[in-house]
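Visitor: Taking the hints into account, I'd like the entire structure generated from these sequences.
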Amino acid sequence: MPQCSGRRLAGRTATAGGGCATQQSRGVPAPESRCYTLHSRGRLCYTVIMIELLTFSTDDLRPSRDQVLQNQGIPAGVAVPAEIDALCSNAIDLMLEIAAPAGVLLEISKPDFATVYQGQGQNEASTPVGDIFPRAENLALFAATLGQGVSREIKNLFESNDLALAAMFDSAASAAADRLGELAEIRFAEFLDQNGRNTPETCVLRYSPGYCGWHISGQKKLFEFLHPEQIGLTLRDSSLMEPLKSVSGVIIVGPKEIHSFPMSYPFCSQCETRGCRERIRMLSAD
Amino acid sequence: MSILTEIVENLIVGDDEKVSALTQKAIDDGVLPKQILDDGLIAGMNTIGQQFKNHEIFLPDVLMAARAMYAGMDKLRPLLLKEGIPSPGKVVLGTVRGDLHDIGKNLVGIMLKGAGFEVIDLGNDVSPEKFIQTAREHDAAVIGMSALLTTTMSAMKEVTYQLKEEGLAGRIKVIVGGAPVSAEFAVEIGADAHGYDAANAVERVKSLISEN
Ligand code: B12
Ligand code: SF4
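Residue numbers (numbering that gives the first Met the number 0), protein chains in the order written: chain A, 0 to 285; chain B, 0 to 211.
It is worth saying that the hints were derived from the structure and are not from the lab.
Where is the CB? At the ideal position from N, CA and C, for every residue including glycine.
Keep in mind that the hints are not guaranteed to be accurate.
Claimed, not checked - Per the computed footprint, the stretches of chain A lying under chain B, defined by three or more beta-carbons under 8 Å from a beta-carbon of chain B, are:
#1 166-178
#2 182-192
#3 205-219
#4 233-243
Unchecked claim - Residues from chain B shown here face chain A by an in silico Cβ test under 10 Å; the list is partial:
#5 Val61
#6 Leu99
#7 Asn105
#8 Leu148
#9 Thr149
#10 Lys156
#11 Asp196
Guide: Right, dumping it as structure tokens:
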């Protein structure tokens, strides 16, 4: 799940991409990475917006053992037999070998994001994203995928009856897909830093369609703006992304307080995960 | 120790090679195939299911045991077919139209097979027509549908509606599951049951079939 990454940038591992310079890695064609300087009535103003194709290193992508085991329903801290530990690290290694991660990141203005957020008009009347983004300092859309090979391998493993490895591989891929979102966050925060647009109080947090009242059909407008087709990511009519192990959303940058909200939205009463609490707790811990 | 107890014990620890060899030995010794199935393979999987439900073991343990069961079944299946021994029921399983998420559906299928059911797995992105047509063709007792997203789970309603239209509701039971699917939704669309996880799916399918 998302984390605040803005204020801790210096201590983090360098990740996807290298500023606005063109970058290339793992045989992926030279990603288009462009910066635009906005012009206002013929005069230069000093906001640099960006669109960047992201590449990810295996080290950055590697999910934690605990995360993978949690996806198998094994709570953190529970002791597991050595064979399960070995299966877990095998699955992670195999998944990283096969994954062909790619992402796209696009800075977006508030009015444009308002259109994206509006989507197909199916959101709940009031939502965390709807309340937070108008107070944001910077916004970026992102989408990222582990590629089709990962899904193919899961299918192959199930078909060859390597059931335990298949399921562990699936859990590892889900954890890595989640990690892609985190890496996109870090990359956007780096970009803002490099352009002197990050303040010390800034927090960077991502939100996704399909969560907390932002209707899943919001994926359609998000894709219209972001064009993740360029990284091989497509959207079905059902709003499902293909390849399956993919994530999308908006990265909202602003003071810590804007990301903090009570669980008083009408839909919160049916929420089983209360995932927002952990995110808000992590913001306070920062 | 009887050979069937040995099968159970080796299945529980997920030793597929031993389960395969012991099943062959039991067949060679003249133990009835149905007895090997019920008191060896299914008995072992029942124990595993119970241990998993009680949080005594983890998902990989269940899957290693299931693989061992499959190894035994490979030996047994031709004999069961030859003797015309019916499975306790046939279940047509799939992920609904527009959806590709199949890990949940796969786990449900594995546990159902472990309980002795015959599972016809249609894979993912399955149309409502395909679910019904396959259930008819195979004379299946249950259709099981899985979905990942709220947008795709709506396809489940088309199946329950169509079954009603064709006068098959009640004869072919419907069970639904998946991350966004709730028991309330199952009632709303006229499904016969909802399963919240793979072990629960087995319990629900058993009771659906016993109602028939
Ligand atoms: C892991 C995960 C991911 C992973 C992997 C997804 C995958 N399909 O492989 C990643 C990070 C990639 C991901 C991405 C997204 N996700 Co997601 N994800 C999850 C999560 C946390 C677990 C899903 C999972 O794999 N569980 C493990 C498997 C084994 O469980 P399962 O499929 O539920 O199956 C079990 C039971 O449901 C049941 N069962 C399943 N089928 C059946 C069938 C029958 C007949 C029966 C009886 C029982 C049964 O038994 C199974 C075994 O125990 C769920 C939330 C949750 N806690 O469930 C959200 C969830 C599914 N995701 C959600 C969303 C919104 C998304 C995204 C759209 C977010 C985004 N914008 O990026 C994307 C969509 C991806 C895409 N391709 O389009 C929402 C969907 C809600 C909605 N509005 O539709 C959920 C429900 C989270 C939420 N909001 O609460 N996700
Ligand atoms: S309680 Fe649940 S639904 Fe409500 S905001 Fe938090 S995570 Fe979202």
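Visitor: Which numbered hints are broken by the structure, listed smallest first?
Guide: Failing hints, ascending: 2, 10.
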